[in-house]
Amino acid sequence: MEILLVQIFIPLIAALIILASGKTFVRGIAGAFSLVSLLITVYLYLNFTPDATTQFLVDLAWIPQFGIHFKAGVDGISMVLLVLTNLLIPIIVLSSFKQDVKDQQAFYALIFFMQSGLLIVFTALDAFLFYVGWEVALIPVYFICALWGGENRIKANLKFFIYTIAGSLLMLIAIIYLHLQTPGNSYDISEFYKLELDSVTQGWIFWAFFLAFAIKMPVFPFHTWQPDTYTEAPTAGTMLLAGIMLKMGIYGVIRWLIPIAPLGFQAWGETALILSVIGVIYASIIAFTQNDIKRLIAYSSIAHVGLISAGIFAWNVQGLQGAMIQMLNHGINVVGIFFIADIIIRRMNTRDLSLMGGIAKPAPMLAIAFLLVLLGTVALPLTNGFVGEFLLLMGIYNYNIWFAAIAGLTIILGAVYMLRMYQKVMFGQVNTNTSVFTDLDGTEKSVLLIISVLIIFIGVYPQPILNISEAAVINLLEQVNQKILVK
Amino acid sequence: MSISLFYFVAFLSIFFALLVIFAKNPVHSVLYLIVTFFTFTVHYILLNAQFLAIVNFIVYMGAIMVLFLFVLMLLNLNEGSMGSKSNLIKMIGVIAGMCLIITLVGSARVLTASEPLVLQTQELGLVKNLGKVLFSKFLLPFEVSSILLLSAMVGAVLLAKKEIKRA
Amino acid sequence: MENITQAIQGVPLNHYILLCTIIFSIGVIGVLIRRNAIVIFMSVELMLNAVNLLLTAFSVQHNDPSGQVFVFFIMALAAAEVAVGLAIIVMIFRNTNSTDVNILNKLKW
Amino acid sequence: MNALITLSVLAILVLYLGLYKAKNALLPVTLLGLGAALVLSILEWNSGAAPIYSGMMLFDNFAVAFTSICIVSTMLILLISKDYFEHISEHVAEYYTIILFALIGILIMVSFHNLSMLFIGIEIMSVSLYILAGIRKHDFKSNEAALKYFLMGAFSTGFLLLGITFLYGASASFDLSTIKEYVISNPRGISPLFYSGVTLMIIGLSFKIGAAPFHFWTPDVYEGSPTLITAFMSTVVKTASFAAFLRLFMVCFAPLHDFWMPSLLVISVLTLFIGNVTALYQHSFKRMLAFSSISHAGYMLFAIVALGPLSGNSVFVYATAYSIASIIAFAVLILVKRQTGSDNFESFNGLARKNPFIAFTLTVTMLSLAGIPLTAGFIGKFMMFSTALSEYHIIMVILAAVNAVIGIFYYLKVIVAMYFKSAERNEVQSSPYFNFVLGFSALITIIIGVYPGFISNFF
Amino acid sequence: MINLVWLIPLFPLLGFLINGLGRNMLSKTVVGFVGCLSVMASFAVSVGIFLELNSSETKSFIIPIFDWISAGTVKIPFSFLIDPLSALMLLIVTGIGFLIHVYSTGYMNHDAGFGKFFSYLNLFIFFMLLLVLGSNYVVMFIGWEGVGLCSYLLIGFWFSNTAYASAAKKAFIMNRIGDLGFLIAVFLIFTTFNSVEFANVFPQAANMVSGDSTLILITALLFVGAIGKSAQIPLFTWLPDAMAGPTPVSALIHAATMVTAGIYMIARSNILFTLAPETLAVVSIIGLATLLMAAAIAVSQTDIKKVLAYSTVSQLGYMFLGLGVGAYTGAFFHVITHAFFKALLFLGAGSVIHAMSNEQDMRNMGGLRKKLPLTFLTMMVGTIAIAGIPPFSGFFSKDEILAHVYEHNKVFWMIAVIGAMFTSFYMFRMMYLTFNGSFRGTTDQEHHLHESPASMTIPLIVLAVLSALGGLIGIPAVLGGGHWLENFLAPVFEVSKSKTNALTLDHTTEYVLMALSVTAALLSMLYAYVRYVKQGHIPANDRTDRGLLARLSYNKFYIDQVYHSFITRPLDTLSGFFYKTVDKAGIDGIVNGFGKGAVEASKSFRLLQTGMVGFYIFMMVAGILALLFYSMYKI
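Quick mapping for you: the protein sequence lines, in order, are chains A, B, C, D and E. So for the first sequence, the numbering used here puts the first residue at 206; every next one is plus one. So for the second sequence, the numbering used here puts the first residue at 1440; every next one is plus one. So for the third sequence, the numbering used here puts the first residue at 11; every next one is plus one. So for the fourth sequence, the numbering used here puts the first residue at 50; every next one is plus one. So for the fifth sequence, the numbering used here puts the first residue at 6; every next one is plus one.
If you're looking for bench data, these hints aren't it; they were derived computationally from the structure. Since we're looking at a predicted model, the values are computed, not measured. Just so it is clear, CB atoms sit at the ideal spot from N, CA and C, and this is done for glycine as well. Incorrect hints may appear among the rest.
[Claimed, not checked] Covered by chain C, according to a simulated footprint, are these stretches of chain B (three or more residues, beta-carbon under 8 Å):
| no. | region |
| --- | --- |
| 1 | 1493 to 1505 |
| 2 | 1540 to 1547 |
[Stated by the list, open to error] The calculated EDC-like cross-link candidates involving lysine to aspartate or glutamate, where the alpha carbons are at most 16 Å apart (straight line), are:
| no. | chain 1 | residue 1 | chain 2 | residue 2 |
| --- | --- | --- | --- | --- |
| 3 | A | Lys-364 | E | Asp-593 |
| 4 | B | Lys-1600 | D | Glu-139 |
| 5 | E | Lys-585 | A | Asp-433 |
| 6 | E | Lys-376 | E | Glu-451 |
| 7 | D | Lys-70 | D | Glu-139 |
| 8 | E | Lys-504 | E | Asp-217 |
| 9 | B | Lys-1601 | D | Glu-139 |
| 10 | E | Lys-64 | E | Glu-499 |
| 11 | A | Lys-360 | E | Asp-593 |
| 12 | A | Lys-566 | E | Asp-116 |
| 13 | B | Lys-1601 | D | Asp-188 |
| 14 | E | Lys-639 | D | Asp-307 |
| 15 | A | Lys-360 | A | Asp-433 |
| 16 | C | Lys-116 | D | Asp-188 |
| 17 | B | Lys-1567 | C | Asp-74 |
| 18 | B | Lys-1571 | C | Asp-74 |
| 19 | E | Lys-376 | E | Glu-456 |
| 20 | E | Lys-589 | A | Asp-433 |
| 21 | A | Lys-688 | A | Glu-396 |
| 22 | D | Lys-470 | A | Glu-356 |
| 23 | E | Lys-504 | E | Glu-283 |
| 24 | A | Lys-364 | A | Asp-433 |
| 25 | E | Lys-585 | A | Asp-497 |
| 26 | E | Lys-589 | A | Asp-497 |
| 27 | D | Lys-403 | A | Asp-308 |
| 28 | B | Lys-1463 | C | Asp-110 |
[Unchecked claim] One-sided and incomplete, this derived list gives chain C residues near chain E with beta-carbon spacing under 7 Å:
| no. | residue |
| --- | --- |
| 29 | Val-41 |
| 30 | Val-111 |
| 31 | Asn-115 |
| 32 | Leu-117 |
| 33 | Lys-118 |
| 34 | Trp-119 |
Work out the full structure, taking the sequences as your base and the hints as a guide.
Written as structure tokens, this is what we have:
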């Protein structure tokens, strides 16, 4: 029994069991299965040797006549994302326990279904498998967002769905094209790595992949679906989207885009980097004046992801390691902040910041948790965000000091809009809306406690996570750099 | 009798074909069409396709065209009972048709010189010869055409039969 | 009969093609410019006949009887088509009292 | 061949059953006969077929595969016809017969080896369809559909025939092998007649598959025809037409690829755009499906444009996926229309709440049609893209991707209506037949999507 | 003992955790006790370490704790550095911190957020200690940002007041602007020296040429960080606003410790700065400008804490001026003395405010001397110290700076002395307005007037003593002292010393300079006395017309307004523009445009389907013609 297969398909089985089970036990089953996934990840983590090799390899013939295999494996980069996924899913599941969700079975089943897709994306070593996982992860989240979302959910989600698919179709074309170029007509990633295409071809392959990933992340100027979708999605949906799903794009850049098209990257990487940096500033500035709490967070997420993306395109150890750890951090923070936003929105029945205020008084616990998550988000040292942003900025700095200086503005701008939000929500006089605000209840406390502990722990002792991916990242860097230098 | 017989008949074919489509009265159209088909029969004879000439005469002129006429009479469509298409559309139609001739002729390179048509075996178009081919090589299509006709028969009955509207 | 067929000897093949093309196109023009379904249908018959003649000419040229057999099949088709086609037209006439194709435009957009 | 004979006998038998008013036996007998035909045709798999009946037919694997899928689709469609025809009139047996006749034509089309068989096959199918389109005799729409289909079909037949004639004129034969010989050995240079013939064949066959600009009949006829017949037309008929198209071009015209490829390329792209873009703004689900079927024809044309060893397989998988999905879509449409009397998108509002199963199958269908992974439609599209890319038609594939995106837009409209819009409605009444067809088709769609291996390596 | 250095930050951290988690369960007594004890314990350890260091041969110890971040070549250990500079700073932080904790037990006694307050204070001490102890720039940066956070929390302690909350935000953001400079400097340091450890960086830097452009850039960026943290022009406006926090906070954070972090950092990096004379010039000019501007503003402020705040800014300006002219020891000396007297003044002001029932406007005070004798006395000590009147501590430290400035640039010195005059004036003005004359407050307030409890006055007394005698650690040679401080700190500034010229002023000049500055201070004290005691002048209320200069001073040179209209508002406008025009209408418009375009195309394509057979056939024929034409052309 391949443990990785178990890891990938446990959520799928969970989804089916949940669909088959009665309403009463749904939550219990969902919680249990999410924990099982987490435990398997822990097992994988413990048995993982942090070197550059791919471990827990699974390779099954799937559609052999096209050279398609179910080939998956875990290296350091994948491991971090496995941890991210299987860490956040229990939190997301737990966070939705208290909520009044209609059709719970469908809700949890979709979450688990998506989890399987995500795990495929993060472990796939076969381009076809990767693509399938890529799309499969999208369907459930579309349904989650559109079924349990807000008023304008249909329109917003349609845009989101179509936009992302549009990007990924380009990627599909590029994948098939690459497949046809490989000597043995294979979809194996290692065969893709070996390809030596001319730089023009690599250029368009770069763009085909980049568009898919850029839309998913999203990178400026492909981001406009995101604020609407985040705003309209239910909290679990937003958490899935922002916490895990957008990492698919980042992961894709690291695993697929740059190693496959190194010359394309050489030609266009700077453009991508510039777009990312513009996104950081642009989204931050927009976030200044947002009065919708979810929209504000959405824009902040664009800014943060822009930084991660910029770090990757800087293409050095610091940038990449920063991106790796920041993926995890961003996941944790954004899940936390959306959870908090949801708590507030549910109790206030509004997303309008101007109607809030003074919540810190009736809900001091919430205020503290919020503050902690916020600090993680604005990258205060000893919170997780700092480690990531520090390495990312350093990576960008190594690429070009000016980009670093501009991207670094995020630590100022981030503080500006985040604190503004905090102030508007938490500080000031209690008004009629907020006076009846109740503090955290049991579930909320436990969710936020987990998140807080993670924020602090990673901030204080990030090394276990950095160690996972370091060897793999360095290996990948060398591979690509060799190709770039050879030319 | 010379080669000009072909051109004379060809002229008649074209002439009556034009009359078919430009005649106002549908009944006239049918009649012109019958004449056109007759000129075709002459063509078949000229090509020594005797069997086809006979079949054309019987099936087309005899059966099919009568059916047309019959239906026209049955439906009692008067001359001009419906407005004809506007002149503009007619013009466009004619121009399109001309273009069609030009492109067809052009793409088949019809205007280049070509070898003259020579009847190599006199028996080619005779019933005997065709019958042999039809019942040996083309047996299957022949059998299968029966399905075509059966289907058409069932269909025609099904559609044309008056059915009392159910409530 | 003999001498009649002799007359044809020597007509270039291309002239047959030209003739058939013209008749065919006249059929097309008929379809284009007429509104009466029956006349349109007749124009289609004209097209089919042009094909028939052409096939025969080719058959003679290749000295191959299958062309003429094919004409036979086309005639079978014509018969079948006429049966069904007229049935349809009759059916419509029952409902609309017209055979004008232009009044049939409920289905659009 | 045995399948063909079985079907012919079956058709007559059904006609007689109708004569003796054995209404209840109709469906079982038909299905049984179809089942037998299916088995018989599958038995010919890999039998090393050579052309039979003086080279008239060739029951190779290609033919067997397409025969099977056509028969299976027909069976599925007939399964849901139980009470459908009885709503229309009392001549149920005749309807079955004519459908069977059409199926015979289709079988001939997918296994022809002589242009005369192609012609007769097409005509048997077409004539039957002209009739079927008009069986709602008192329904203006049905009348109109029948007449439009008939007039335009007859018109296009003229071109098809002219094409065959030209080919004959050039190659002196109707036999595919001989024509192929003619093209390859090229005795005196290929005659311009032959080229014109090829173009005219493209025109004639494009009409049958509903490719732009010969697609105009499709939406009107699909919309006007009784829904069940539309289902038949858009699945079995379309599949068969493609098989015929592909067969002809693969066997005979492959060496002339450079000549006809550009025209087909333009046709295929045009078809994609017209189908997809027009479908976007439709209010009627049925008409949307009609336009979507046009666009799918555009995708399937890819296999012919990029003719290669993969083409047959690609068309087969695509057609299978598309057919099965369409059957579900039309089946659900029948159910919904029966309840609400309308085939607009609004009729689907809130369906998921009352009929989760039906909604689920329709969702699978729409995702499949939209080409989302883990459904058969994705595999089909994937193979089409692969085929096209293997011939370096990158621009075309990108245009196709653009269209796929547009497609998603309107396929999602149904899903949105079913799941996200609420409406006061009752549960849609469904019969076990329907449920079986829906469930079976959805299952097949997913199975092909997840594990396409068993279907995608036929030839 | 030195190996136990990790205990120093640990105690306050524990205190923070205990108080933070138990703030609702523990009684105020326990909270206060825990809070004070934790700092006390740290202080004790610090003293121990100080003594050990003092007697030790080695003057620099690096104590690794654990590996913090490593990515590729970047290895950042979490480790502490003990050397004279940090040891002294530890004493100040923990010592004054302890006093202020004690004071707070009295001052905050009635506040509902007592537990929270103490936990924040402890957290602040923790971060401040990290800042001081860090053996590399990154650990220093942790503390650097951490204290910013605590400052934010404490300024916004009474968050119900929107203005206070805004002040907190402002402080944090302005700090962050500086932090960015710091951060980029760290990157630059890393790429230049391949390490961020002080122990690796400085020796390498020492080998570089003076005026090296990299060094200039590094130091300039570091200085940006210092500007933010230490409230210099142009980022000083947050500090006066920070007075929104409880007074002990102002004393601890915004006077004694955190704001001096910038000076500490520059002193720590003295080698880099010494080798970057251009930066030093900028430092001195900024310091000079700040000290003058802040002093000019302070003279017309009416809020007692605001006066002290501007005074702080001004004094920080002195320190930077000192750094700029290479008087590292002098600047650090001033840090120490300033910590004493400014903490004292703030706590005294707190005592006044406490007594006045939270009244801060001096126009409503007066005549408090009799009611608050102890406060008055101790504050007077502080005032004298800050005014630079010997033999109180401020005199020595300020004078050392002035001497260096004089040598460096005479004009600077002139301005600095004018600044000193202002200092003396506004400080005495404050004293007189507060304690002399008659009471101008409400009767209600008068009724409540009382001297503060012992928990508050004891720290005042201790600080007063320190303010008075603090100068003793740095009595210069010219006054017959050995300047213990200079000797103690010598290892830290050793390299810099060797690269710059030592002070060459002869004693006479020094005497003259001292005399001049003391005279200036006394003169302005006198003027203040005349104006506010003799003439009984009371500052006019807000609406009164003032002269141009007075108006500028009173309105803080309109800096806030300038920032508002040139930075905040344009940014907000830009934000709206980006959101509405660029994002919604522009980019999203394009994206939606594709959708709309498709739908519009659909609408028109749909019309092709006219329903007319004739038209359909026409279109078909058109298609046929096209294909045949192609075919004709192609053959």
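Hints and how they fare:
1. Residues of the region 1493 to 1505 of chain B lying with their CB closer than 8 Å to a CB of chain C number 6, which satisfies the three-residue condition for coverage.
2. Using a Cβ-Cβ cut-off of 8 Å, 4 residues of the region 1540 to 1547 of chain B lie near chain C, which meets the minimum of three, so the contact claim holds.
3. Proposed proximity of Lys-364 of chain A and Asp-593 of chain E is supported: the alpha carbons are some 10 Å apart, at most 16 Å.
4. Restraint check: the Cα-Cα separation between Lys-1600 of chain B and Glu-139 of chain D comes to about 13 Å, which is no more than 16 Å; the hinted pair holds.
5. Distance hint between Lys-585 of chain E and Asp-433 of chain A is fulfilled; the C-alpha atoms sit about 14 Å from each other, no more than 16 Å.
6. Pair hint Lys-376 of chain E plus Glu-451 of chain E holds up; C-alpha atoms about 10 Å apart against a cutoff of 16 Å.
7. Pair hint Lys-70 of chain D plus Glu-139 of chain D holds up; C-alpha atoms about 10 Å apart against a cutoff of 16 Å.
8. About 14 Å separates the Cα atoms of Lys-504 of chain E and Asp-217 of chain E, which keeps this hinted pair within 16 Å; it holds.
9. Between Lys-1601 of chain B and Glu-139 of chain D the CA atoms are separated by roughly 13 Å; this keeps the pair inside 16 Å, and the hint holds.
10. Between the alpha carbons of Lys-64 of chain E and Glu-499 of chain E the distance comes to roughly 12 Å, so the proposed pair stays at or under 16 Å and holds.
11. Between Lys-360 of chain A and Asp-593 of chain E the CA atoms are separated by roughly 13 Å; this keeps the pair inside 16 Å, and the hint holds.
12. Only pairs whose Cα atoms come within 16 Å are accepted, and Lys-566 of chain A paired with Asp-116 of chain E is accepted, the gap being roughly 14 Å.
13. Pair hint Lys-1601 of chain B plus Asp-188 of chain D holds up; C-alpha atoms about 14 Å apart against a cutoff of 16 Å.
14. Between Lys-639 of chain E and Asp-307 of chain D the CA atoms are separated by roughly 10 Å; this keeps the pair inside 16 Å, and the hint holds.
15. Distance hint between Lys-360 of chain A and Asp-433 of chain A is fulfilled; the C-alpha atoms sit about 9 Å from each other, no more than 16 Å.
16. Between Lys-116 of chain C and Asp-188 of chain D, the direct Cα distance comes to roughly 11 Å. Compliance with the 16 Å bound is thereby established for this hinted pair.
17. The straight-line distance between the Cα atoms of Lys-1567 of chain B and Asp-74 of chain C is roughly 14 Å, inside the 16 Å bound, and the hint therefore holds.
18. Annotation: proposed proximity of Lys-1571 of chain B to Asp-74 of chain C holds, straight-line Cα distance about 12 Å (limit 16 Å).
19. The hinted pair formed by Lys-376 of chain E and Glu-456 of chain E meets the criterion: a straight-line CA distance of about 6 Å does not exceed 16 Å.
20. With a C-alpha separation of about 10 Å, the suggested pair Lys-589 of chain E and Asp-433 of chain A falls inside the 16 Å cut-off, and the hint holds.
21. With a C-alpha separation of about 14 Å, the suggested pair Lys-688 of chain A and Glu-396 of chain A falls inside the 16 Å cut-off, and the hint holds.
22. Simply put, Lys-470 of chain D and Glu-356 of chain A have alpha-carbon atoms about 11 Å apart, close enough for the 16 Å limit, and the pair holds.
23. Distance check on the hinted pair: Lys-504 of chain E and Glu-283 of chain E sit about 15 Å apart at the alpha-carbon level, within 16 Å; holds.
24. With a CA separation close to 9 Å, the supplied pair Lys-364 of chain A and Asp-433 of chain A stays within the 16 Å bound.
25. Between Lys-585 of chain E and Asp-497 of chain A the CA atoms are separated by roughly 14 Å; this keeps the pair inside 16 Å, and the hint holds.
26. With a CA separation close to 15 Å, the supplied pair Lys-589 of chain E and Asp-497 of chain A stays within the 16 Å bound.
27. Distance restraint check for Lys-403 of chain D and Asp-308 of chain A: the Cα-Cα separation of roughly 13 Å lies within the 16 Å cut-off, and the hinted pair is therefore satisfied.
28. About 14 Å separates the Cα atoms of Lys-1463 of chain B and Asp-110 of chain C, which keeps this hinted pair within 16 Å; it holds.
29. Against a cut-off of 7 Å between C-beta atoms, the interface hint on Val-41 of chain C holds, since the closest Cβ of chain E lies about 6 Å away.
30. Checking Val-111 of chain C against chain E by beta carbon gives a least distance of about 5 Å; that is within 7 Å, so the hint holds.
31. Interface restraint check: Asn-115 of chain C against chain E, minimum CB-CB distance 3 Å, threshold 7 Å, status holds.
32. Residue-level restraint check for Leu-117 of chain C holds (minimum Cβ-Cβ distance to chain E is 6 Å; threshold 7 Å).
33. Nearest Cβ of chain E to the Cβ of Lys-118 of chain C: about 3 Å, under the 7 Å cut. The hint holds.
34. The closest approach between the C-beta of Trp-119 of chain C and any C-beta of chain E is roughly 5 Å, which is under the 7 Å cut-off, so the hint is satisfied.
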